[in-house]
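Peer 1: Protein chains in written order, with this note's numbering: chain A, 1 to 282; chain B, 1 to 384; chain C, 1 to 272.
Note that these hints are calculated values from the structure, not bench results.
Source: prediction; values computed, not measured.
Some hints here could point you the wrong way.
[To be verified] Cβ pair distances, simulated, as ranges:
1) T263(A) x H249(C): 58 to 64 Å
2) D60(B) x P252(C): 23 to 29 Å
3) G226(B) x S263(C): 49 to 55 Å
4) Q131(C) x T66(A): 49 to 55 Å
5) S238(B) x P254(C): 41 to 47 Å
Beta carbons are placed, not taken as given, at the ideal position from N, Cα and C, and that holds for glycine.
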Amino acid sequence: MESPATQNVLIVGVGGQGVLLASDILGTVCLGRGYQVKKSEVHGMAKRGGVVYSHVRYGTQVLSPTIEPGTSDVLLAFEPAEALRWSKYVKPTGTVIVNTQKRIPPAACQDRRPDALTRYPRGIEQALRSQIEDVRRFDAETLAFELGDLRMCNTVLLGALSRVCEFSAEEWLAAIEKSVKPRTAELNRRAFLAGRSVEFPCAEEPQAEELVFEKREAARDEAPFIEIRQNWCKGCEICVRVCPQNCLVMNGSKLAEVAKAETCIRCMLCEWLCPDLAVSVH
Amino acid sequence: MEKMTKPVQLLQGNAACARAAIAAGCRFYGGYPISPSSEIAETMAKLLPRVGGKFIQMEDEIASLAAVIGASLAGMKAMTATSGPGFSLMQEHIGFACYTEVPCVVVDVMRGGPSTGLPTSPSQADVMQARWGTHGDHPAIALCASSPGEVYELTVRAFNLAERLRTPVILLLDEVVAHMYEKVDLGRLAGLPVEDRRKPKGAPGKLEAYAAGEDGVPAMAPFGEGYRYHVTGLAHDSRGYPTQDPAVVETTQRRLQRKVDRCRKEIVSYELLQCEDAEVIVFAYGIVAAAARQAVRQARQRGIRAGLFRAITLWPFPGEELAAAVKQAKRIVVAEMNLGQMTGEVERAVGKKKTVKTCLKANGEAITPDEIFSALQAEDACHA
Amino acid sequence: MLDIQKYLRLEMFPHMLCPGCGHGIVLGALLRAIHSLKLSQDEVVVVSGIGCSSRLSGYVDFDTLHTTHGRPLAFATGIKMARPELTVIVITGDGDGLSIGGNHLIHAARRNVGLTCLLLNNEIYGMTGGQAAPTTPLGKISTTGPTGPFETPFDSCRLVEAAGASFVARGITYEPATLEKLIVAAIQNPGFSFLEIISDCPEFFGRFNRMGNPADQILAQKQNVVDAKTAATLPPERLKGKMLTGILHHEPRPEYAASYQESIAQMGAQAR
Ligand code: SF4
Ligand code: SF4
Ligand code: SF4
Numbered sequence: 001m002e003s004p005a006t007q008n009v010l011i012v013g014v015g016g017q018g019v020l021l022a023s024d025i026l027g028t029v030c031l032g033r034g035y036q037v038k039k040s041e042v043h044g045m046a047k048r049g050g051v052v053y054s055h056v057r058y059g060t061q062v063l064s065p066t067i068e069p070g071t072s073d074v075l076l077a078f079e080p081a082e083a084l085r086w087s088k089y090v091k092p093t094g095t096v097i098v099n100t101q102k103r104i105p106p107a108a109c110q111d112r113r114p115d116a117l118t119r120y121p122r123g124i125e126q127a128l129r130s131q132i133e134d135v136r137r138f139d140a141e142t143l144a145f146e147l148g149d150l151r152m153c154n155t156v157l158l159g160a161l162s163r164v165c166e167f168s169a170e171e172w173l174a175a176i177e178k179s180v181k182p183r184t185a186e187l188n189r190r191a192f193l194a195g196r197s198v199e200f201p202c203a204e205e206p207q208a209e210e211l212v213f214e215k216r217e218a219a220r221d222e223a224p225f226i227e228i229r230q231n232w233c234k235g236c237e238i239c240v241r242v243c244p245q246n247c248l249v250m251n252g253s254k255l256a257e258v259a260k261a262e263t264c265i266r267c268m269l270c271e272w273l274c275p276d277l278a279v280s281v282h
Numbered sequence: 001m002e003k004m005t006k007p008v009q010l011l012q013g014n015a016a017c018a019r020a021a022i023a024a025g026c027r028f029y030g031g032y033p034i035s036p037s038s039e040i041a042e043t044m045a046k047l048l049p050r051v052g053g054k055f056i057q058m059e060d061e062i063a064s065l066a067a068v069i070g071a072s073l074a075g076m077k078a079m080t081a082t083s084g085p086g087f088s089l090m091q092e093h094i095g096f097a098c099y100t101e102v103p104c105v106v107v108d109v110m111r112g113g114p115s116t117g118l119p120t121s122p123s124q125a126d127v128m129q130a131r132w133g134t135h136g137d138h139p140a141i142a143l144c145a146s147s148p149g150e151v152y153e154l155t156v157r158a159f160n161l162a163e164r165l166r167t168p169v170i171l172l173l174d175e176v177v178a179h180m181y182e183k184v185d186l187g188r189l190a191g192l193p194v195e196d197r198r199k200p201k202g203a204p205g206k207l208e209a210y211a212a213g214e215d216g217v218p219a220m221a222p223f224g225e226g227y228r229y230h231v232t233g234l235a236h237d238s239r240g241y242p243t244q245d246p247a248v249v250e251t252t253q254r255r256l257q258r259k260v261d262r263c264r265k266e267i268v269s270y271e272l273l274q275c276e277d278a279e280v281i282v283f284a285y286g287i288v289a290a291a292a293r294q295a296v297r298q299a300r301q302r303g304i305r306a307g308l309f310r311a312i313t314l315w316p317f318p319g320e321e322l323a324a325a326v327k328q329a330k331r332i333v334v335a336e337m338n339l340g341q342m343t344g345e346v347e348r349a350v351g352k353k354k355t356v357k358t359c360l361k362a363n364g365e366a367i368t369p370d371e372i373f374s375a376l377q378a379e380d381a382c383h384a
Numbered sequence: 001m002l003d004i005q006k007y008l009r010l011e012m013f014p015h016m017l018c019p020g021c022g023h024g025i026v027l028g029a030l031l032r033a034i035h036s037l038k039l040s041q042d043e044v045v046v047v048s049g050i051g052c053s054s055r056l057s058g059y060v061d062f063d064t065l066h067t068t069h070g071r072p073l074a075f076a077t078g079i080k081m082a083r084p085e086l087t088v089i090v091i092t093g094d095g096d097g098l099s100i101g102g103n104h105l106i107h108a109a110r111r112n113v114g115l116t117c118l119l120l121n122n123e124i125y126g127m128t129g130g131q132a133a134p135t136t137p138l139g140k141i142s143t144t145g146p147t148g149p150f151e152t153p154f155d156s157c158r159l160v161e162a163a164g165a166s167f168v169a170r171g172i173t174y175e176p177a178t179l180e181k182l183i184v185a186a187i188q189n190p191g192f193s194f195l196e197i198i199s200d201c202p203e204f205f206g207r208f209n210r211m212g213n214p215a216d217q218i219l220a221q222k223q224n225v226v227d228a229k230t231a232a233t234l235p236p237e238r239l240k241g242k243m244l245t246g247i248l249h250h251e252p253r254p255e256y257a258a259s260y261q262e263s264i265a266q267m268g269a270q271a272r
């Protein structure tokens, strides 16, 4: 029997953010307690491409390695859109910790066009709050940047995570020291403590948030227009499969067709990956 | 530079070729060293940069002709030179140049073959390769010189024909002519007319790159000047785009052949020596013609009415001209440094009523006047 | 937003490649790169050899030259020599560029002629129906290697770097934005730039090797590659069987055609 006290932590982000290292560290902390830990993770090859996630389950006895929807105690999201996507895995009474810095997934288009950003999904915060009681949003990336290294973002987030887990700061710090390069141990320690000391709801820059919303409002009028030249399309399905927003479908004649342009985030993947140059996102 | 302008000079055949190329406006040479043609490359390497031209030694003969075609497409008159084995390697690109109609000059200094054969010995074994070496139906133009002075003249002509007709032109030399020194009057030769390719009229814009007028030769736009057209070795339509439409393919094939055929009279050149009353006529070309000339003189001294038909243009074959020249003759002796490659052409031209004899040699030695003389006399062929 | 159609010969579309063929993705990235470099269509020449990838030259509105099998670099060398001011881009495939054209590749690299060579590697001969290529991985099926080849495939990037190319990189079609950046960097390097692009042939390689549909195949690309920067931090066992992507070598040195042009100018000065 699995012990009822088994804890579920879901860590999600996109490629290159350090999701896997963070979950490794959590695993190490658990092992230090003598818990059983099971992890399952996917990186860089999921359908959507570039999405990285790690299920961490720990307790006195853990059987299944994966977390069922609606059962996660904590969701640690390195990216807001990822938070939204995985939110259905979280218990209504659970906690979501979100880094507010946006990345347009997936990793396949790591360098995004500036105008792609304006079509980022709207209302993430509201959506999260409507599902989950405890939503903790903060700008971990800027904190890390202020500490001197953007890459410390994952450790900052672990610091925030430590506030909702049963382990002591010392246990965490020991695990971090074991997992990172000695050169960066001190920086990681500071990053962890910085993340741990963030109070929620934190006084985050509301103007900045509003500003972003303003930009989005402006962009909303010109709904993205996805043009598929049906006479060029050969029905390879690539665009349909890579679209992170499921905007596209294959129609009855096995050609790509736009199903819902309104959710399009202008990631450009469909246009860039169409081998027949049949797609234009305007 | 002053060397180039001294009017009368003792010039080697290969050097004459290089000098003439530059005089004809050649500004690009891509080649690969091979005996007995290397002096052409060496001379070009030295002289081209002085006139703002470019020389490049490529990694092999395939690449050499490729680079030549590339440079020609970019607007430069261009050439390469090689010998038998290298000429074999160039064949695919000769076909490419024919089909894509890119002017260029290929000099083949023939040597004994097949294979590596006799690298420093004369031969005329590539005459059929010059005609049919590349696959597929295509027009061919090949000229053959028999002295350094003529090398100069024919090199200029090769460029003129290539540019006028947008087709590769082959200049056939042999080891003897290539390495022979002779007084060449550059002053006189400097006056040879030089032709340039015809560019499209009007401002750059959408170009039907392979649309040709009456003469069958499309105007040629250099790359990089805004015409933006496609060139492919695939069968293509008048826009240059690939096609498999039999009607279109046929039209292009016929046009390519026709554009050369209709200029046949201007392309074909030959020399007649005492043919008017001759009962026996020697058919020869290249260095063998020099020996034949002596043999004819020798024969005339002995009262034999001999004559010489020296082909200067080998392709298109001067068949009609030969037929006319041998009308009154009974016998024709074909003298060539191979095992009879042109003999079949001669037989076809002169018809079954004439006796065609041969004087052939393919062992690396030049055919001597004596050998031709005995062939003139004999009723039977001389297989020296 | 860029209207890619400006660079296309629209009358030639749809193109002739199979559904899901990765080469079309490269074409898009190339055009975006040319666009972001603000090159005029009149100063770009695209040269290609023979094979599926080499058919791309016919679809773009530049001066384009579709040459013979394996030889595009040699043709392009002539063009670059004649007009050093042109941007000459060579599109070749793994069979075209590494098998029949291998010699031209190493010599173009050695000379450091200012060409940008995009080698589209789909690890098989597509145009002729799926025969083994010099890049077919050990154990992968082709029509001429029905049980998988016994030959070790080329690592083209290492080959070309050793031959002297001043810019060597590898990209994958699955990362079109990165690919575009790599093409930009390749074109910006004045000397010989070599960019191997891992592309897919769903029609043959994918089918023979049971890689699923085109979408499955492109999504799987990531598994086989590691970014060169990341690789530097990984232990060797994590890199086993992986190809490195990104800029692998960049060491500018004098470009051939420009150097030649310069020497001509000097000669002219001396003569005066
Ligand atoms: S439709 Fe295209 S641009 Fe829009 S989200 Fe989907 S893949 Fe991205
Ligand atoms: S990627 Fe292009 S060709 Fe493939 S289904 Fe989509 S639109 Fe059609
Ligand atoms: S055969 Fe392969 S490489 Fe060729 S077009 Fe089809 S999918 Fe592309």
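Peer 1: Which hints from the list above does the structure break, by number from lowest to highest?
Peer 2: 1, 3, 4
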